[in-house]
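Novice: Read off the chains here:
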Amino acid sequence: MIDVAGINVLVLLLLGLVVGILGGFFGVGGTWIVTPGLNLLGLPIAFAVGTDLLHTMGKSIVATIKHRRFGHVDMRLGAFMIVGTTIGLKLGEMSLLALERAGNAESVVRTIYIVILFFISGYVLHDYWRSAIRHAPRKPGKARLHEKVQALKLPPYLSLPTSGIARISAWIPFALAVVSGFASGLLGVGAGFIRMPSLVYLLGVPTKIAVGTDLFEIIFSAGLGAFFYALDGRVLVTVAAVMLVGAAVGAQIGTMATQFVKGMRIRLYFGISVLIPAIALTIKQLVPGSNTVAVLLLIGAAVFISIIVVRALVKGVLEARYYARQDEDAGAALTALLDSPPGRRSRRKVKS
Amino acid sequence: MAWLLAAGIIVGIGAEGLLLGYLADLLLKRWHPERPGDPFD
Numbered sequence: 019m020i021d022v023a024g025i026n027v028l029v030l031l032l033l034g035l036v037v038g039i040l041g042g043f044f045g046v047g048g049t050w051i052v053t054p055g056l057n058l059l060g061l062p063i064a065f066a067v068g069t070d071l072l073h074t075m076g077k078s079i080v081a082t083i084k085h086r087r088f089g090h091v092d093m094r095l096g097a098f099m100i101v102g103t104t105i106g107l108k109l110g111e112m113s114l115l116a117l118e119r120a121g122n123a124e125s126v127v128r129t130i131y132i133v134i135l136f137f138i139s140g141y142v143l144h145d146y147w148r149s150a151i152r153h154a155p156r157k158p159g160k161a162r163l164h165e166k167v168q169a170l171k172l173p174p175y176l177s178l179p180t181s182g183i184a185r186i187s188a189w190i191p192f193a194l195a196v197v198s199g200f201a202s203g204l205l206g207v208g209a210g211f212i213r214m215p216s217l218v219y220l221l222g223v224p225t226k227i228a229v230g231t232d233l234f235e236i237i238f239s240a241g242l243g244a245f246f247y248a249l250d251g252r253v254l255v256t257v258a259a260v261m262l263v264g265a266a267v268g269a270q271i272g273t274m275a276t277q278f279v280k281g282m283r284i285r286l287y288f289g290i291s292v293l294i295p296a297i298a299l300t301i302k303q304l305v306p307g308s309n310t311v312a313v314l315l316l317i318g319a320a321v322f323i324s325i326i327v328v329r330a331l332v333k334g335v336l337e338a339r340y341y342a343r344q345d346e347d348a349g350a351a352l353t354a355l356l357d358s359p360p361g362r363r364s365r366r367k368v369k370s
Numbered sequence: 277m278a279w280l281l282a283a284g285i286i287v288g289i290g291a292e293g294l295l296l297g298y299l300a301d302l303l304l305k306r307w308h309p310e311r312p313g314d315p316f317d
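Top to bottom, those sequences are chains A and B. Going by my numbering, the first residue of the first sequence is number 19, and it counts up by one from there. Going by my numbering, the first residue of the second sequence is number 277, and it counts up by one from there.
You may find that some hints are simply not true.
Said to hold, decoys possible - In silico BS3-like pairs for lysine-lysine, Cα to Cα no more than 27 Å straight-line:
(1) A/K333 - A/K166
(2) A/K171 - A/K160
(3) A/K333 - A/K280
(4) B/K305 - A/K160
(5) B/K305 - A/K108
(6) A/K333 - A/K157
Honestly, the hints are just simulated from the structure, not real lab data. Since this is a predicted model, take the numbers as computed values, not measurements.
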């Protein structure tokens with residue numbers, strides 16, 4: 019079998035396929051799987067990050083085009099957030115350098131990462147449990163978080179018709195972009211796992227539009243990151259190019275699956291997929307020498323969630339075809355009834 | 277020179293993404309939902 023940079027091509031294609039599915043479905047870059055995965059397969063960490071960012075950019079282009087076709091991309095919101103993301107990215111990198119000078123970067127960064135992951139998964143899963151399982155009614159007069167945020171009086175304002183938001187203070191998406199960019203620069207990840215749920219819960223963007231808009235944003239954030247890594251010669255173009263082949267198919271699958279899964283269910287799967295890396299990183303932090311176990315847990319979880327997404331897509335397509343066939347049959351029966359002679363039509367009527 | 281090379285890499289992978297997206301779209305066309313779902317559900 020052909021190897022690229024010492025890694026089996028089939029392994030790279032499969033890795034690309036899995037993160038492509040997750041990326042298209044959740045609107046995340048999947049750096050939490052690919053970077054440790056490539057590192058485990060033998061790439062030095064700096065090359066793993068740069069190569070991952072490069073492939074993530076390509077994959078996000080594929081997924082964004084598809085999401086745009088389904089009306090899932092709020093271009094105005096995405097374009098507005100690019101500036102804030104870039105500023106945050108730079109601030110995050112500067113903070114990381116300061117921590118490195120202090121000599122405790124790795125431990126601090128990993129602890130922050132774990133806290134953020136647990137917080138996000140806890141919030142998302144609690145919201146699912148409260149809304150979809152317990153069906154807890156809202157207290158009268160108590161506004162949701164995004165309703166309070168949208169009511170903030172802080173000019174200038176943005177109107178986001180694609181997301182169904184009549185008016186929101188421009189400072190909110192800008193601040194969100196800076197914070198997610200900061201996390202991206204500090205943690206060395208795409209930060210889609212912060213941006214996507216924040217768009218939903220903080221701004222009130224519908225889940226599927228949050229997924230598509232986040233992917234649009236990732237094209238620029240990952241592209242910028244990849245550019246800086248490429249300047250340092252820390253990208254392996256062939257590895258990224260091969261992974262992108264698998265990711266292109268995966269991104270299509272993940273994006274199409276969003277058509278058949280309710281927004282609430284997407285958030286449930288997202289909560290689970292964020293919880294697992296939180297657990298894996300905690301194991302890595304607390305148990306010395308458990309790196310391989312943590313990475314295998316991450317990859318196993320990613321494969322498992324991808325299978326759930328593929329299953330949802332297949333089930334959705336088969337159900338849609340079944341109902342379409344029933345519609346056709348009903349239509350044909352009605353046409354036959356209307357075309358039949360009046361006498362026969364009345365007899366049929368009596369029979370029924 | 278390094279800037280040009282880095283920009284070339286980004287443009288190259290971006291072009292590959294566009295091409296693969298188009299090809300995958302063709303390949304998986306028969307699986308497309310006929311009526312797109314509601315983005316606001």
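Novice: Hint by hint, say whether it matches the structure.
Specialist: Each hint tested on the structure:
no.: 1; hint: A/K333 - A/K166; verdict: violated (38 Å)
no.: 2; hint: A/K171 - A/K160; verdict: holds (18 Å)
no.: 3; hint: A/K333 - A/K280; verdict: holds (13 Å)
no.: 4; hint: B/K305 - A/K160; verdict: violated (45 Å)
no.: 5; hint: B/K305 - A/K108; verdict: violated (41 Å)
no.: 6; hint: A/K333 - A/K157; verdict: violated (37 Å)
Hint check: violations occur at hints 1, 4, 5, 6; the rest are consistent with the structure.
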